[in-house]
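Assemble the whole structure, with the sequences as input and the hints as a guide.
2 protein chains.
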Amino acid sequence: MTPTDLTVHIERGLSDLRDLVTLPSVSAQGRMLPETAAAVRTLLEAEGFTVHEVPGDVAPVLIAEAGEGPATLLIYNHYDVQPEDPLALWDSPPFELTERDGRLYGRGASDDKGEFASRLAAVRAVKARHGGRLPLRVRWLIEGEEEVGSPSLDRVVREQAEHLHADGCWWEFGAIDPEGRPVLSLGLKGVMCLELRCRVAASDLHSSLGAVVDNPLYRLARAVTSLRDEAGRLTIPGVLDDVRASSGADRAAVAQIPGDGQAMRDTYGVTRPLAAGAGYHDRLGLMPVVNVNGWGGGYQGEGSKTVLPAEGFVKLDFRLVPDQDPAHVLELLRAHLDAQGLDDIEIVELEAHQRPARTDAAHPFVQACVAAAREAHGTEPVVQPSSGASGPMYPFQAALGVPCVAAGIGNAGGRVHAPNENILRGHFARGVAFGVALLERLAAPPA
Amino acid sequence: MTPTDLTVHIERGLSDLRDLVTLPSVSAQGRMLPETAAAVRTLLEAEGFTVHEVPGDVAPVLIAEAGEGPATLLIYNHYDVQPEDPLALWDSPPFELTERDGRLYGRGASDDKGEFASRLAAVRAVKARHGGRLPLRVRWLIEGEEEVGSPSLDRVVREQAEHLHADGCWWEFGAIDPEGRPVLSLGLKGVMCLELRCRVAASDLHSSLGAVVDNPLYRLARAVTSLRDEAGRLTIPGVLDDVRASSGADRAAVAQIPGDGQAMRDTYGVTRPLAAGAGYHDRLGLMPVVNVNGWGGGYQGEGSKTVLPAEGFVKLDFRLVPDQDPAHVLELLRAHLDAQGLDDIEIVELEAHQRPARTDAAHPFVQACVAAAREAHGTEPVVQPSSGASGPMYPFQAALGVPCVAAGIGNAGGRVHAPNENILRGHFARGVAFGVALLERLAAPPA
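Residue numbers (full-length UniProt numbering), protein chains in the order written: chain Y, 1 to 447; chain X, 1 to 447.
Quick caveat, the hints were computed from the structure, so don't treat them as lab data. A hint or two may mislead.
[To be verified] Listed below are the simulated SDA-like cross-link pairs for lysine to any residue, each with C-alpha atoms no more than 20 Å apart in a straight line:
1) X/Lys305 / Y/Tyr268
2) X/Lys305 / Y/Val348
3) Y/Lys305 / X/Glu351
What follows is the structure, encoded as structure tokens:
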């Protein structure tokens with residue numbers, strides 16, 4: 001495959017991306033979801049995919065299939081995007097793909113329309129090289145609810161299992177690091193978002209009564225400090241019992257991830273790291289954690305107000321690892337609070353939980369992705385046993401039993417979910433090349 | 001003294017109160033302060049007081065003197081009031097004294113114009129009974145900055161000490177409990193309002209990074225839980241070293257305070273009391289405490305947001321008892337946070353501290369007040385060695401060495417600082433009677 005071989009497909013892929021970005025398919029606001037599903041369907045059908053639509057809670061799920069051959073690849077993407085606000089911080093219109101200095105800006109340019117368009121371009125290129133025939137079976141699930149927590153996905157995957165079985169699943173995202181190395185992620189943490197609420201009285205009191213009435217914010221602080229230790233390790237009794245021991249391949253992969261987070265710390269101006277050096281990637285990918293997202297209660301204005309607030313709340317997310325089950329962690333948390341006399345603290349589940357998932361680094365599909373990445377990018381890929389982030393991988397990886405690998409075209413300055421979301425033009429081209437290499441390799445594995 | 005003897009003075013006092021309530025002397029907003037000072041001055045001069053004005057940071061301080069005799073009584077009041085908002089919750093105009101069902105409503109009706117007017121009425125009554133002569137020396141300090149923390153008072157009391165020495169000080173507030181018993185308070189807790197601030201990064205991060213970056217709200221929770229134990233006792237090392245042992249008279253007084261706070265718990269719908277039964281009044285008056293006034297940071301909206309906030313804050317007030325010094329407690333707090341590795345938590349002082357003050361229950365001036373209350377109210381008064389609240393008593397009690405007793409006309413439903421502030425008409429009359437009894441007793445102590 002020569003670069004000129006791919007140029008036409010890359011340009012056509014960028015043209016598809018340009019069209020898709022014009023559609024503000026914001027799932028959180030229910031905007032243009034059926035229209036965007038229809039546009040995606042049209043693109044797929046033009047390449048010979050048979051597509052059927054399954055109703056989702058918020059937006060249609062598309063399940064497509066094309067090709068014939070010794071292997072089956074499942075691809076997972078989503079056509080919905082995050083809201084574009086704050087609009088004032090965009091340097092060009094969010095729903096108009098705009099190129100500046102080698103970058104392409106627009107909502108969804110990276111997450112996830114850019115990923116989808118680069119993969120469709122790869123399918124076209126492979127077909128072109130095989131006389132219009134796709135030499136493997138490609139199954140594609142494209143949902144429109146990923147940015148609102150994929151509420152229908154678990155159900156749809158179970159119901160449509162017969163159309164989704166595959167030798168491997170190419171996950172919806174991925175990145176190329178600042179040194180140009182592709183980063184493959186083999187897992188995602190689970191996530192459980194909770195709110196703890198405490199109330200000590202029907203109405204606020206004068207703070208002098210703090211001598212004789214307990215304080216809801218203090219009680220919440222007791223609860224929060226009991227969840228983890230100073231080093232960040234979870235301390236809820238029993239919570240680590242279900243953590244799967246890392247395999248040798250996983251540990252070897254983690255040991256080879258370059259860097260120790262210094263770039264991240266520089267980017268965000270971090271002054272209180274919990275880990276640097278050797279433990280950094282281990283914690284980020286393989287350790288369950290709890291994070292405090294927000295805290296509110298009482299007087300938050302200027303100066304002081306001597307009030308004893310009647311109530312307060314804390315928002316938390318737990319990031320879990322295989323084989324922790326959010327529902328079980330929730331039971332352990334309840335028992336832990338009760339055991340400390342904090343049985344009055346209410347636990348509210350804020351959204352559907354996501355279970356953790358991870359594919360072993362030794363799996364043949366992982367090895368195929370690594371080889372394809374090495375070939376397409378011309379450099380050794382970085383393999384993360386798990387990203388620190390979360391997503392709906394569990395239904396595919398655990399329920400269907402399909403190994404999952406995230407590989408894609410994101411970049412460290414890609415501002416995903418934020419104003420000025422972007423990809424590099426060069427990364428889009430490399431994404432197409434990776435797709436071609438992966439499909440060819442699966443269609444005809446080297447002897 | 002017969003009731004008819006006082007009726008004319010009570011009515012005149014209510015007329016004064018009506019006039020004073022029309023003046024919206026809101027110190028927090030700098031409204032009508034010199035005008036209200038002038039009105040108070042005119043009332044005092046009409047009774048033969050010589051008055052001089054000392055400039056305060058926000059409003060003039062009036063220092064007045066009248067009478068001649070074997071005793072000197074210092075009275076402390078203030079002519080400023082709290083803001084009237086939220087206006088919509090008032091059932092009658094806040095600056096128009098309005099009578100309904102035996103209660104007189106208006107901003108300042110209780111705190112503190114009602115107290116001042118009832119005391120001035122008592123002075124008039126005593127003069128009338130002594131042929132126009134006041135048979136003791138009455139010194140009166142009336143400030144206009146009490147509702148903004150009395151920023152000038154410490155300085156003014158020190159500078160004007162020669163005009164303020166007295167055998168006792170009648171403090172600006174006091175209450176009559178729901179059973180009709182006058183409540184005398186002999187002390188006030190100190191107060192120190194602080195904000196703790198923590199920042200871990202220059203900008204917010206995705207919460208998946210909570211595995212490798214510490215959380216400012218967790219760090220604040222560690223700080224807060226280290227300040228007190230589950231029972232509400234302060235746990236900062238050394239913080240209790242300066243707590244003065246209660247005298248026998250104080251302990252005896254506490255033991256005789258009726259009730260165990262059930263009325264308070266019912267009023268506020270308290271579900272998490274720290275004390276009930278025998279320990280209630282001991283804690284409320286004699287135990288130092290810390291209270292969390294407010295907590296803010298990160299995402300506080302609906303649902304969840306998986307953010308790791310860059311920063312957060314907690315607002316606290318410490319209520320201190322003799323002989324704790326706020327400045328020293330602040331030093332101990334800093335050292336305590338540092339010792340726990342929380343040296344990055346910034347401590348911000350939100351306003352001027354007030355030091356605790358308490359007069360021993362055995363003091364002769366206290367006994368004079370008790371006897372006068374018994375006589376005027378026809379029932380045994382309740383003596384609190386200290387209120388749970390705070391105020392600028394230290395400059396008088398400790399710096400000047402003048403014993404202080406709070407006795408007044410507030411009521412449990414008086415809504416001080418809130419809409420529909422009120423007094424009972426009957427309590428105003430009893431306040432005048434108490435003043436007459438106290439002045440007569442000081443002028444001519446029983447053999």
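Comparing the hints with the structure gives:
{"no.": "1", "hint": "X/Lys305 / Y/Tyr268", "verdict": "holds (18 Å)"}
{"no.": "2", "hint": "X/Lys305 / Y/Val348", "verdict": "holds (14 Å)"}
{"no.": "3", "hint": "Y/Lys305 / X/Glu351", "verdict": "holds (10 Å)"}
Violated hints for the displayed structure: none, as all numbered hints are satisfied.
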